[in-house]
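Asker: If you want the building blocks of each chain, they are given just below.
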Amino acid sequence: MLLSTKKTSHYLLSMGVVFLMSCVGLMIHKHFEPTNLVMLYLLAVVISASLWGRGPAIATSLVSVLVFDVLFVPPRFKFTVADTQYILTFIGLFVVGVMISELASKLREHALEASRREAQTAILYRLSRDLTTTLNLTDVLDIICAHIEKVTRGEVKIYLQQEGVLRQWASGTWTSLDEGDEPIARWVVENARPAGAGTSHIPSANARYLPLKTGDQTVGVLSYCARELRNGMERNESVLLDAMANQCALAIERIRLLEENRNMELLREREKLYTTLLNSISHDLRTPLVAITGTLSSLMEDGGILERASLREIIETAFEESLRLNNIVGDLLDITRIEAGALRLNLQPCDVRDIISVSLDHVREKMGRRPVQMDIVGEIPEVVCDMSLIVKALAFVLDNAIKYSPVDSPIFVSARAAEPGVNIIIRDCGEGIPAAEMEHIFRKFFRGEHSHNVPGLGLGLSICKGIIETHKGNIRIESGGGKGTTVTIMLPETV
Amino acid sequence: MAGDTEKALRVLVVDDEKSIRRFLMASLSPYGYNITEASCAREALVLAFTSHPDVIILDLGLPDMDGVDVTRELREKIKTPIVILSIREHENDKVAALDAGADDYLTKPFGMGELLARLRAVMRRFVPTDDAPFFKTADLCGDFSRRTVTVRGEPIHLTPTEYDILRLLVQNEGKVLTHRQMIKQIWDKDESSEGIYHLLRVTISNLRNKIESDPGRPAYILTDPGVGYRLHPDR
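Going down the list, the sequences are from chains A and B. Using this note's numbering, the first residue of the first sequence is number 1, and each one after it goes up by one. Using this note's numbering, the first residue of the second sequence is number 1, and each one after it goes up by one.
One thing to keep in mind: the hints can contain errors.
Straight line, CA to CA, 27 Å or less: simulated DSS-like cross-link-like pairs of lysine-lysine [to be verified]:
(1) A:Lys366 with A:Lys403
(2) A:Lys392 with A:Lys272
(3) B:Lys79 with B:Lys210
(4) B:Lys108 with A:Lys366
(5) A:Lys392 with B:Lys108
(6) A:Lys6 with A:Lys106
Source of the hints: derived by calculation from the structure; they are not laboratory data.
Work out the full structure: start from the sequences and follow the hints.
Answerer: This is the structure:
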């Protein structure tokens, strides 16, 4: 409908040009021979041919011949021709008109074709530009669908072969496979050939299925279903779709390689970390065993050579080392439980004073004669918690305070009611933690610069944080300026 | 120590690990203990009922039956003291074993000195005496036949409940009493009673304020987190 009105208007316009040329001819015909006025009509034919194509141009030549005869060939304003030589002029005008219209319309078609190609190239260029900047699969699929749907106004689905399973991507999400699509998509993947509408395999299907090929394998299928029902697809649309499918396959392949690369790198990083970790753990586990096995073997070999005092000395060392080994194993088990989320909380209301006194009791030997300044004033609410875990967490903090502050300096322990629960604050007078290390202190196996000579696995604070956070509390550490370290543990009244 | 002159105390060691039985055998024998071994629950139950040991050292992780069930089964028939020796350190396991009737609980690995002390303590508690319990350290003295308690020589006033708790702890000196056991014996209630836990904690806290020289860091009434309380005889 639209097409035919457009065509009619082209014809009318070309008639208008003939009318215009006739007006010009009428104005100047007194000064020119009629045969020269033919040029005006040839001009009209050229204009019609280049602007509106073959049909209007031929109509223009025909009408021109008639109008020229009526207006300018004597006897004027009659169809009859006095001088037969004008017949030749008519034939000439008509033949030249038809030939010009033929040539001009070809030229025009070429120009149209060129601009269509340019448009396609631009589309493909935009697509490839958008694709190269994306880094994940779903974005790539989104972009492809959006581009194709914008250009061709059809419905696009993409099927991807992932780990042997065919998945369907449509309208922005992964969806379940439509029953009708599945066998065709599978056939396309297996045969790496297009199928569906306009192809030799199942041409009765509504959609066309194009294989997404990269190198020698088919990674998936792009299905395209035109929204308007048409018989077949236009040739250049089909070419464009092929090109887009190609781009799509390349982009998917690129993302896959990128992901593989990323995974490899992650794996390498993880392996490196594990190696360092294993080295450090096996060192920490073996060192105590050295003292223990050494002592036991020297006891076995001993034929009364060892003095009583030195015997006592090595036995004591071995005993201390065995306790240390037991602690290390316990810490490793604790962090494993915390990370696996397998910490069983034995919740009971607890007296905060009691928690603190039991924690201090845990580190009694390490504390030695060091002064502990307690400051627990005011009404402290009971907190519901797993007391033995909280005691463990506090003991880690106290242990750190003892390890990283001068032997005779005091340690301050205080408790205060805080808005959601209770704050327990432990402060030492040590050198404090370097600012650069602050962000790492809760990382497991992290040891600070100054802790070379201090035994430990670097698990204490991570276990502590794990325990406190399982109780929905939090732990804050402030340090710096040589003013010691202050650890604040907030425990809510109920978990 | 226990039996150079008297007849040797017979100990039944129940553990599925041969190395641990061997170690206990070697380490306890010099102290005058006479060791019988069992490697599984079935064997242990038979030996416990037939050979009448004086004390049983029991592992919880036995191949054929859980140690807590073994404890329960033993308690149905005999009163022989049971000391649990287990790798399980979670307080729920301790409470389960103690509530089932175990007399003490020691986690592996343990020091020999600690085990010997616990064995002596359970034996002492087991020997029946008609005398009212008596407790005396440098600072604290409890004479339960006269119902008096003195701290640093000064008599102090205790409420009846505080007195009962102190007396119960003294009777079980060195042994952990679970919350449930204390609530049962003092108030004759079970642990589901409203506010009973809170009452226990408050009474303990008040008792500490009266008898401890530094209630913030108690020396006598110690808390075993998640399990209960015990009286430490001497520090």
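Asker: Would you check the hint for Lys79 (chain B) and Lys210 (chain B), treating anything up to 27 Å between C-alpha atoms as holding?
Answerer: The hint is violated at about 35 Å.
Asker: For the pair supplied as a hint, Lys108 (chain B) and Lys366 (chain A), is the alpha-carbon distance within the 27 Å limit?
Answerer: holds, 22 Å
Asker: Are Lys366 (chain A) and Lys403 (chain A) close enough, with their CA atoms no more than 27 Å apart?
Answerer: holds, 9 Å
Asker: Does Lys108 (chain B) lie within 27 Å of Lys392 (chain A) when you go C-alpha to C-alpha?
Answerer: Holds, at roughly 18 Å.
Asker: Below or equal to 27 Å on CA atoms is what counts here, so check Lys6 (chain A) against Lys106 (chain A).
Answerer: holds, 20 Å
Asker: Given the hinted pair Lys392 (chain A) and Lys272 (chain A), is their Cα-Cα distance within 27 Å?
Answerer: Distance of about 31 Å is beyond 27 Å: violated.
Hint compliance for this structure: hints 2, 3 are broken, all remaining hints hold.
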